[in-house]
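The hints should help you fit chain B onto chain A, whose structure is shown.
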Amino acid sequence: MSPLLRFRKLSSFSEDTINPKPKQSATVEKPKRRRSGRCSCVDSCCWLIGYLCTAWWLLLFLYHSVPVPAMLQAPESPGTRLSRDGVKAFHPVILVPGIVTGGLELWEGRPCAEGLFRKRLWGASFSEILRRPLCWLEHLSLDSETGLDPPGIRVRAVPGLVAADYFAPCYFAWAVLIENLAKIGYEGKNLHMASYDWRLSFHNTEVRDQSLSRLKSKIELMYATNGFKKVVVVPHSMGAIYFLHFLKWVETPLPDGGGGGGPGWCAKHIKSVVNIGPAFLGVPKAVSNLLSAEGKDIAYARSLAPGLLDSELLKLQTLEHLMRMSHSWDSIVSLLPKGGEAIWGDLDSHAEEGLNCIYSKRKSSQLSLSNLHKQNYSLKPVSRVKEPAKYGRIVSFGKRASELPSSQLSTLNVKELSRVDGNSNDSTSCGEFWSEYNEMSRESIVKVAENTAYTATTVLDLLRFIAPKMMRRAEAHFSHGIADDLDDPKYGHYKYWSNPLETKLPDAPEMEMYCLYGVGIPTERSYIYKLATSSGKCKSSIPFRIDGSVDGDDVCLKGGTRFADGDESVPVISAGFMCAKGWRGKSRFNPSGMDTFLREYKHKPPGSLLESRGTESGAHVDIMGNVGLIEDVLRIAAGASGQEIGGDRIYSDVMRMSERISIKL
Amino acid sequence: MPLIHRKKPTEKPSSPPSEEVVVPDEDSQKKPHESSKSHHKKSNGGGKWSCIDSCCWFIGCVCVTWWFLLFLYNAMPASFPQYVTERITGPLPDPPGVKLKKEGLKAKHPVVFIPGIVTGGLELWEGKQCADGLFRKRLWGGTFGEVYKRPLCWVEHMSLDNVTGLDPAGIRVRAVSGLVAADYFAPGYFVWAVLIANLAHIGYEEKNMYMAAYDWRLSFQNTEVRDQTLSRMKSNIELMVSTNGGKKAVIVPHSMGVLYFLHFMKWVEAPAPMGGGGGPDWCAKYIKAVMNIGGPFLGVPKAVAGLFSAEAKDVAVARAIAPGFLDTDIFRLQTLQHVMRMTRTWDSTMSMLPKGGDTIWGGLDWSPEKGHTCCGKKQKSNETCGEAGENGVSKTKPVNYGRIISFGKEVAEAAPSEINNIDFRGAVKGQSIPNHTCRDVWTEYHDMGIAGIKAIAEYKVYTADEAIDLLHYVAPKMMARGSAHFSYGIADDLDDPKYQQPKYWSNPLETKLPNAPEMEIYSLYGVGIPTERAYVYKLNQSPDSCIPFQIFTSAHEEDEDSCLKAGVYNVDGDETVPVLSAGFMCAKAWRGKTRFNPSGIKTYIREYNHSPPANLLEGRGTQSGAHVDIMGNFALIEDIMRVAAGGNGSDIGHDQVHSGIFEWSERIDLKL
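The listed protein sequences derive, respectively, from chains A and B. The numbers in the working numbering rise by one with no breaks, and the one at position 468 of the first sequence is 1893. The numbers in the working numbering rise by one with no breaks, and the one at position 226 of the second sequence is 216.
Chain A on its own, in the form it takes in the complex (with noise of 0.2 Å):
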């Protein structure tokens, strides 16, 4: 206290010499007490703050000079064990980063945008968002016509390995991989980061920034200066699908819109293609993405705080704008559920079937994974009482129509339905932007709600119908079928390039495909949604929602989502479907019959917060933080073979699932 006492004294002193103004003493003094006191109010929050600044530079100081304890140091690395055991750098590496983890930089921009020229617009610190959103997001959308470019805007990928080792400050993407390749040896000349703008459709990229024939130049010229030794390419999530586009690209004679590296080239320059957390059929989430700008994490959100993403206060319109602008990216189209009901389950069935989610809540990965497949065998029959969870539906109006026989459902069809467009009066007020919901007349919206199921192939016709305008842009792009003839010349068109199941991998037999992946999280598969109820005067322009509200008895649904074994965005059926089936031996989207390998990592959280995000993770980013892939991958640029590293590791239901999709192989 005695400080305090004598720090006032000393405040009030100050402040009467510095207005030494004060003749009349009885009328004088209350306010000028009122006011000393106030003074010392302003006084003591400096001193506070400068008490807990010294502090904290006290703190700071004594951080960075004690030497940090043995028992906080991290483990020994993968990169240091495995130099030690004299792994040394052998192949050329080229890491192909995802969708949404590469730094996007701006060339060009409207007056809104002045001063950040070549400074990064994703990633890094997303400063700009809360400075000048509305201009953030004119900058980083593209033309709604062409999917390029608006006039007057360029916004490109930042090059290099800063692209994306880094997303933000401290929340690493390729950083831990890329250190840990440096120590055994690893550096610019043979590791490469081939960034491309993830926004754009994968043959615009070639287009306008002709990232393709960078990326084959830069392989070339690698595989030339490193004595003729092949590349390893690790592709993350959408980077997966990706390099199968090259892939396919790189073979094609120039004429026909490919590289013109002729038939061999594959073979002759790729070693193996390390895919991890890939996203070859599509993922879920995109679905509701696309249809509602809303993912699980916003659907809980919202339930927990109703109203307040929704509300017109302060126009924010929050979820509308993120709409508009994803619906601009092409790329997000790339994601959606390919292979229809064949690979993701019609109305009744699907593959995923008997499979009970009981892991999600457990610590320890041990316990549920034992306790899993215990309920797998044991329990089977009872799961199958309990009336089974139908995944095979993606998107599901009301709980009650999630759970239906299908012959109960209302037997729309939605490509037959015709649009009725027009009277959008009644959302003019709201209508600032274009989202193609405004164009929909409210009839046709509940048409489409009114009691029904959606499965993979389905909602893709639901797309079509609420978004025509992005869809066809889109699907120029990108194919989501299953091919009956791959022989069939139309399949030589580059829209069928980046779907596993409407193209062939090239003739490479000494080429080694790899699957890694994280298995344990609970990962979106499908959604329960409901009609938005307009709420204030204005309706709000998205008219579906997640139904927040519904929730299982089990894990497996919650918050309007059901969820099914993965990596927290990739299910696993996606991520390893095609390797454990679709390519593996000889089969037709396989005809020289390369090597397949699937690699699962079980998720284990953290153990404690000093381990931040975890050195065993499986989660979709984070799982390039985990020691036993990060290992696999060096000893596979090293030089290892798939079976020297110990073949398939699997511990998920893959291969169940697989064999119960039938598709002609």
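If you are wondering where the hints come from, they were derived from the structure by calculation, not from laboratory data. Don't take every hint at face value.
Stated by the list, open to error - Only pairs whose alpha carbons sit at most 20 Å apart, straight line, appear in this in silico PhoX-like list of lysine-lysine: (1) K1544/A to K583/B; (2) K118/B to K139/B; (3) K127/B to K1614/A; (4) K1693/A to K1654/A; (5) K528/B to K399/B; (6) K1872/A to K1983/A; (7) K118/B to K1513/A; (8) K2011/A to K1955/A; (9) K578/B to K502/B; (10) K197/B to K1643/A; (11) K583/B to K502/B; (12) K1654/A to K1513/A.
What the hints assert, rightly or not - Covered, in the sense of this in silico footprint (three residues per stretch, anywhere, with C-beta under 8 Å from a C-beta of chain B), are these stretches of chain A: (13) 1532 to 1543; (14) 1583 to 1591; (15) 1765 to 1772; (16) 2011 to 2017.
Think of the CB as a built atom: it goes at the ideal place given N, C-alpha and C, for glycine as much as any other residue.
Below, chain B alone, put in the same frame as chain A:
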């Protein structure tokens, strides 16, 4: 609640303040006095606490104001500084990018930047224990924070191997790649950033701009051996030309990058094991123009001083201001010695030694720049300088620029007959070592002994040729390593097969230009700044120092206009490269069809007169001619952009000459 709590007890002991409040009729003059008295009393009571408190209070205040200002700064619209500048200095001219965009210029030819020495960033890929946590952090460039934090560790990592000139064991420091490698050297200190921003205005972006960053510490051929940098550059140029519809590339090298690109042009057409195997017409096929900015084609005298005594004008001036500080052993810093040890492991510094010997740089009694009069730094305007030169010819003594190093001012000015040289080359290197403490710093001086040092000082005067010999004598190991990679002579017969070796490729006097008649070579450089040309040295008397020679900083001339300043003879140039080195090749040796330029490639000289920024707000100026600042010169940027957009030499106005380069070139007698 806490406030009330605090207030109550103050009532009681605050009798002095209450007094003051009750008797406010007192003169206000008394108050400060009284308060200081009570202040005194209070500090008597518990001085320690209140001191800390008021410190905290002060820090708090500072922090709060700082945050407040920061907030204001961040909230300030981005155009505000520009607005203020315009208010004070009048409207600024449009940057060339905006201006040319209005004219309708569009990106056409792909552009390749080649940074020079020092300006490119270097980052750590593998290091010793002491460099923990610096993985992929910049050691060179950026904030240089590590230099202060762990200086010795930094020096260790930046040095190369003494013998091989490559990485020391366990350390890998590599060039940063991409445009970020050299856009800014340090935060706020642009190198290429202004040029890049202006090119972006007319439509350039990553796909048609490429920064050919290389490890500038290595010799040119070693960048290929270790990093395959030349191969990468070749592949990138080929890629850019093919993805830009077959339009040839415009190359923009700066400083040492000029020599590096000369090396590249020879390398790329040489057959495969030694060269790039691009075939004899590679340059004709892929290169439209080479726009050399401030190119030290014939080397810089600075490099001699740098290698001889690890100092240059700046260090010499610093020493003159604070004598003894740099040389003392306090803190055991030995700064210069460490710097010297580090720079001597860098082969690239040897690429900048003066080339062409006495033929180019002048002998004992003549130099091409003879009759050049220096205008003092003080004179801002150039016209007055010219006049002063004409009037002052009789006044100032002619300077013997040819004597690159002279020991003592008298010798520097003496007639050649008066100098009696005692040949140093045969002098025996003594074993007596003057100072043992220097042993831990590898500078080779301790191998020389007192006899060797004496012999050097007694030789008195060194011309360009002899300066090379001097370095061979002073630092035999370093020069042995360096002369495997660089050569400094003039070729008698360019068809001699020995000139196919890589060590001659970066010397324009020992190579032919490629066979590409449609190519253009530009030499763009600043003039109007005094530039180091020759040095006056003395023996270092200080016993602590390990470097026995020093620039004789007290060698002055009373005359304001003198070329001799702090032991350095200056000549016209861009502060680093004398006009002669930057301009001679384009002015004479490559002009028309010569033996150095057999296909008759057109050459152009563009000089930019230096005019310093008018005020602080302009930063480093838009009309600067200084070696690095010229990259922000609007006229130069405009020239580059016009060529990049498809213009040629006659479109931008042929030669533009301010200095006496043509006159000086005439004086050089070189077989063409």
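### Query
Which numbered hints turn out to be false for this structure?
Of the numbered hints given earlier, those the structure breaks are 1, 6, 8, 15 and 16, listed in rising order.
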